[in-house]
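Chains as they are written, first to last, in this note's numbering: chain F, 1203 to 1332; chain H, 6 to 116.
By construction, these hints were calculated from the structure, which means they are not laboratory data.
By construction, the Cβ of each residue, glycine as well, lies at the ideal position given by its N, Cα and C atoms.
Be a bit skeptical, because a hint or two may be false.
[To be verified] Interface residues of chain H toward chain F, partial, derived using beta-carbon atoms under 8 Å:
#: 1; residue: W18
#: 2; residue: G19
#: 3; residue: R28
#: 4; residue: T29
#: 5; residue: R84
#: 6; residue: L103
#: 7; residue: A108
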Amino acid sequence: MATLTLTLLSGAVENETADFALRLAQSALDQGHRINLFLLGNASYLANQEVPFQGDKGLTPELAAYMDSFRLTGRIEDLAKAGAVIHTCHTTEYARGVEGCPYLAGVSRGNVGVSWTKFLMTSDLALTLG
Amino acid sequence: MINHLAIVIRHPWGNERAVLGLRTALAAQTGGFEASLVLLGEGVWNLTGARPAYLDKLFASFLENEGGLFCLESDLERRGLTAGELTLRPQTMDPDDLGELMAQADSINLF
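So that you can see chain F by itself, here it is in the shape it has in the complex (with noise of 0.2 Å):
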């Protein structure tokens, strides 16, 4: 069993690797490896919960659909309850206006000096994507 440290800087539209990287780490704890999943820059966004629209989306069913398809929170919240550590850069919060903002069960607020330093320590790998 290994210990591996994801340091993710996309957020969950911009492009397909916030994706990748919950594939990646459920596939980890699958094959009984731990995670420590680290959310930094516009990976930070992922931290949060979401705050659902009730007026008229003003989106067509397969927009919707489309959009739907990027969301990412409920595997966010299924990685910790299959025991990945999920930390997020309150700084990186902060510069985004949403430190705050209430975190999905299993984020804690973090930081890169004290959170991330900390995985690597107890970490044989440590990769980073963005």
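Take the given structure of chain F and dock chain H to it, following the hints.
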């Protein structure tokens, strides 16, 4: 176990990725890891001109603690940059040297 991290920055400081790379390099160094910071491609623009005071402080702290700052000579040449124009002093290397540095690192992190 990870002892030596290579942090590779491929963007100028106007791109957040550059700042995140610099912050992680300094955090790794402060955390007791050996950290090598490589400014690759467009990343060499971080070596020129004025930078925000916060970034100057991060670079200074990293270098004062014997952090390795590297770039490819060819990346400077392609951009017409000469040593006299640089406001930071990296160790320049050729691609083979960079390959050796990457081979020595336990973790390579691209920003």
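Evaluation of the provided hints:
1. W18: Violated, because the Cβ-Cβ distance from W18 of chain H to chain F comes to roughly 14 Å (cut-off 8 Å).
2. G19: Interface hint status for G19 of chain H: violated (14 Å vs cutoff 8 Å).
3. R28: holds, 5 Å
4. T29: holds, 6 Å
5. R84: violated, 23 Å
6. L103: violated, 17 Å
7. A108: violated, 16 Å
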